[in-house]
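K.L.:
Below are the chains, spelled out letter by letter.
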Amino acid sequence: MLLKIKNLSKTYDSKNYALRDVSFNVSEGEFIAVVGLSGAGKSTFIRCINRLVPFSEGEIFFNGENLHNANRYSLKKIRSKIGMVFQHHNLIEQTTVLSNVLHGRLGETSFIRSALGLYRKEDKEEAYKLLKTVGLYDYKDKKAKTLSGGQMQRVGICRALMQKPKLLLADEPIASLDPVSAETVMETMKAVNEKTNLTIIVNLHQVDFAKKYASRIIGMKAGKIFFDGTPKSLTEDIIKEIYS
Amino acid sequence: MNKKILYFVLIAAISVLPFIILNVSLLDIIFSVPSLFSFLFDNFFPPNWNALDGNFIIVRNTILFAIVGTCISALLAFFLGILISEYFNPFVPIRLLARFFVSFLRNVPIIIFASILVFIFGIGPLIGVIALVLGGVGFLARSYANNMDELAQSKLEALKSTGASYFQIIFHGLFPAFTPAWLNWTLFAFEINIRISAVLGMVGAGGLGLLIQANLDLRNFRRAMALIILLMAIVLIVEFFVNKLRERLEKGLPYVPIIAFIIVIFFISASALNLNFQTFIQRLSNAPRILAHFAIFDFSVAPELLAALFTSILLGLAGLVLGAVFSFILTFFAAKNTAPSLTIKFSKYELNLNFLPFLIKGAIALLRAIPSLVIILMIIASLGFGYIAAVLGIAFSSLGYLTKAFIASVEEQEEAKIEALKSTGASHIQVIYHGILPAVSSVFWRWISLRLEFNISDSISLGVVGAGGIGMLLARAIRQSNFSYIATGVFIIFIAMFILELIIDKLRN
Chain D
1 MLLKIKNLSK TYDSKNYALR DVSFNVSEGE FIAVVGLSGA GKSTFIRCIN
51 RLVPFSEGEI FFNGENLHNA NRYSLKKIRS KIGMVFQHHN LIEQTTVLSN
101 VLHGRLGETS FIRSALGLYR KEDKEEAYKL LKTVGLYDYK DKKAKTLSGG
151 QMQRVGICRA LMQKPKLLLA DEPIASLDPV SAETVMETMK AVNEKTNLTI
201 IVNLHQVDFA KKYASRIIGM KAGKIFFDGT PKSLTEDIIK EIYS
Chain F
1 MNKKILYFVL IAAISVLPFI ILNVSLLDII FSVPSLFSFL FDNFFPPNWN
51 ALDGNFIIVR NTILFAIVGT CISALLAFFL GILISEYFNP FVPIRLLARF
101 FVSFLRNVPI IIFASILVFI FGIGPLIGVI ALVLGGVGFL ARSYANNMDE
151 LAQSKLEALK STGASYFQII FHGLFPAFTP AWLNWTLFAF EINIRISAVL
201 GMVGAGGLGL LIQANLDLRN FRRAMALIIL LMAIVLIVEF FVNKLRERLE
251 KGLPYVPIIA FIIVIFFISA SALNLNFQTF IQRLSNAPRI LAHFAIFDFS
301 VAPELLAALF TSILLGLAGL VLGAVFSFIL TFFAAKNTAP SLTIKFSKYE
351 LNLNFLPFLI KGAIALLRAI PSLVIILMII ASLGFGYIAA VLGIAFSSLG
401 YLTKAFIASV EEQEEAKIEA LKSTGASHIQ VIYHGILPAV SSVFWRWISL
451 RLEFNISDSI SLGVVGAGGI GMLLARAIRQ SNFSYIATGV FIIFIAMFIL
501 ELIIDKLRN
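Protein chains in written order, with this note's numbering: chain D, 1 to 244; chain F, 1 to 509.
Treat the hints with care, since some could be wrong.
To be verified - Far from chain F by the CB rule (all over 12 Å, computed), these chain D residues:
1) S23
2) I32
3) K76
4) E108
5) T109
6) L136
7) S148
8) D171
9) A182
10) S215
11) F226
12) F227
13) G229
14) S233
15) I242
What the hints assert, rightly or not - Once the Cα atoms are required to be at most 30 Å apart in a straight line, the calculated DSBU-like pairs of lysine-lysine come out as:
16) F:K4 - D:K140
17) D:K121 - D:K140
18) D:K132 - F:K3
19) D:K211 - D:K166
20) D:K142 - F:K3
21) F:K4 - D:K129
22) D:K195 - D:K77
23) D:K240 - D:K211
24) D:K132 - F:K4
25) F:K506 - D:K77
26) D:K145 - F:K4
27) D:K145 - F:K336
28) D:K76 - F:K336
29) D:K143 - F:K506
30) F:K348 - D:K77
31) D:K232 - D:K190
32) D:K129 - D:K143
33) D:K190 - D:K129
34) D:K142 - F:K345
35) F:K404 - D:K145
36) F:K404 - D:K124
37) F:K4 - D:K143
38) F:K348 - D:K76
39) F:K3 - D:K121
40) F:K3 - D:K77
Keep in mind the hints are simulated off the structure, nothing from the lab. Yeah, the Cβ is synthetic: ideal placement off N, Cα and C, and Gly gets one too.
Can you make the complete structure from the sequences, with help from the hints?
P.N.:
Now the structure itself:
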């Protein structure tokens, strides 16, 4: 079991719960889409997995390690094994595409090396390879801000994959993209999932995308898991229920 | 990559050269800081509050100068702004003339104007007001004009398309649309003027500066400190209320009553100051005759003046380098999104250092409340005359200014980008270096270049109060009524500052 979540709860003000008693397990190679209304707790949930948001109650085991007990050093190690893609890509726009991809290696690179740009040779080659697979190799020396939204998101995925992650988290990666770019981004993630058996958890608010690409869908409502099953078993009625 | 190295070498050279040419060692400067603080602590504290007795009028006048000076310059600068604006003044010769005049006012340090005015008109409150008006117009007219041109390109186009006449556009378009910016810039000028008003006294133009300098000269440090603390309190209180007013205005407080209120305050202040216009006008009739003296340049003294100016520039630059380096370091300990959560463990005791940002921000706010010339005078009083005192004084005032600006820029950065780098497992310092630095570095350079202009102006002014550089030569010439020397000096300062401004503008773009 790659990820084991037991009775996870999160509250920001000790009154209202953003997450309430969430439990489930993830095996290697799954492509999970989390759907639900905005405000249902999808974003908080995905950020608890790498403790960008500290959770209030419950336990998370990633690869057998308990996240709750992790100190600052081991937390960094765990984070470096979990890649993350964001809605607004969150690239450092003033630096080059290549540097942004190489940022994925920061957790494994000392400050002196990263500051002087002395990334390992195999890291640079890996970055070239990843950029080639998403078709952006020719843009590697361009400033990130010159790219389109869809291109930036693909660079964001490269940065996450650069971490050689065991798990890829994606928080609304296509929410601010046009339909064509959204397709490309989802295709890219699906391809990675199939080729390298990388486990992916992605927050989406478009159910049609979830049904098309995911192998398992989790529906969240008011901080709780409302549905957990295959895309086929997600019926129109359940969808209505989730989005009501 | 090569370009990067070139920039790096260039910046390193510009940073190191002033210290080499002035022949001051960086180590000497840094090691003099502890003795500076111990001197300040031993000799300036506790403050002797008796110094405030009987000086109420002078303190009051310091505030009133700033109010009256700012109001008059806001009005004059509005008309000059229209004259400078490309949109509102199609007559190129008049525009260039106005631009030249404003640029002259902006680029010659206000202390120099004040000391020349004292020389022409004698000592008195009116001189303080006039000096503030000259400096205020120089600062405001350009800011106003930039804003007017921006408005013209956006909102006023629409009015023009309705067939409105020139004066209709000004009355129905420019007045209402420009008022928020007008008020905002004017409030900003007021915050600056309250500091300047407190130093004008040093050259005899009345106000708190006279008392501070006299007490420092007589080595009555505890009395001087009481006055400096009073000055800091005034500056902080003024800033507090101006900020409150700004917030209210942003939330939609109507402008018209505020402006009416300001006008009332202006008349009350002006009458309280008891400005003696009659003697002023009498003396003014002499002005053309005196100004005629200034029309003669004496370029045989130019080499001497240029060498002194060069020293002033180097002092300003050296202070900038020191101030910028330390601001840079302090910033990341003080900005709320980059401050490390430090806990020092000592056997079983734990010391939490989360108060560090508050401490730094508080210290910087206090430092900023003291006008740079006063900081410089305090340091000169402690360490004696010399380049070390001058550089350190300029460095401290740069530190206050830059740290505040840097922190604001860093705190503006989106949390999301920091989060993204954290999620890769990057360390704290990597998040700062790879995530925040690329985003803020160009803004940082802009602040540094802006500060350079202030620093050079400060280092010229500090000569006027007796600390070397071109300012000292000018002060001597003023005492000796050497008109052609003064004229040449002011001209050289103007040209140098003008060129500097052009270079910095180019670099900024």
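K.L.:
Next step is simple, just say for each hint if it's right about the structure.
P.N.:
To see whether the hints hold, each was checked on the structure:
no.: 1; hint: S23; verdict: holds, 23 Å
no.: 2; hint: I32; verdict: holds, 18 Å
no.: 3; hint: K76; verdict: violated, 5 Å
no.: 4; hint: E108; verdict: violated, 8 Å
no.: 5; hint: T109; verdict: violated, 8 Å
no.: 6; hint: L136; verdict: holds, 18 Å
no.: 7; hint: S148; verdict: holds, 19 Å
no.: 8; hint: D171; verdict: violated, 10 Å
no.: 9; hint: A182; verdict: holds, 20 Å
no.: 10; hint: S215; verdict: holds, 24 Å
no.: 11; hint: F226; verdict: holds, 27 Å
no.: 12; hint: F227; verdict: holds, 27 Å
no.: 13; hint: G229; verdict: holds, 28 Å
no.: 14; hint: S233; verdict: holds, 32 Å
no.: 15; hint: I242; verdict: holds, 26 Å
no.: 16; hint: F:K4 - D:K140; verdict: holds, 18 Å
no.: 17; hint: D:K121 - D:K140; verdict: holds, 16 Å
no.: 18; hint: D:K132 - F:K3; verdict: holds, 27 Å
no.: 19; hint: D:K211 - D:K166; verdict: holds, 23 Å
no.: 20; hint: D:K142 - F:K3; verdict: holds, 16 Å
no.: 21; hint: F:K4 - D:K129; verdict: holds, 26 Å
no.: 22; hint: D:K195 - D:K77; verdict: holds, 25 Å
no.: 23; hint: D:K240 - D:K211; verdict: holds, 15 Å
no.: 24; hint: D:K132 - F:K4; verdict: holds, 27 Å
no.: 25; hint: F:K506 - D:K77; verdict: violated, 46 Å
no.: 26; hint: D:K145 - F:K4; verdict: holds, 19 Å
no.: 27; hint: D:K145 - F:K336; verdict: holds, 26 Å
no.: 28; hint: D:K76 - F:K336; verdict: holds, 21 Å
no.: 29; hint: D:K143 - F:K506; verdict: holds, 22 Å
no.: 30; hint: F:K348 - D:K77; verdict: holds, 27 Å
no.: 31; hint: D:K232 - D:K190; verdict: holds, 18 Å
no.: 32; hint: D:K129 - D:K143; verdict: holds, 19 Å
no.: 33; hint: D:K190 - D:K129; verdict: holds, 17 Å
no.: 34; hint: D:K142 - F:K345; verdict: violated, 45 Å
no.: 35; hint: F:K404 - D:K145; verdict: holds, 28 Å
no.: 36; hint: F:K404 - D:K124; verdict: violated, 38 Å
no.: 37; hint: F:K4 - D:K143; verdict: holds, 15 Å
no.: 38; hint: F:K348 - D:K76; verdict: holds, 26 Å
no.: 39; hint: F:K3 - D:K121; verdict: holds, 23 Å
no.: 40; hint: F:K3 - D:K77; verdict: violated, 36 Å
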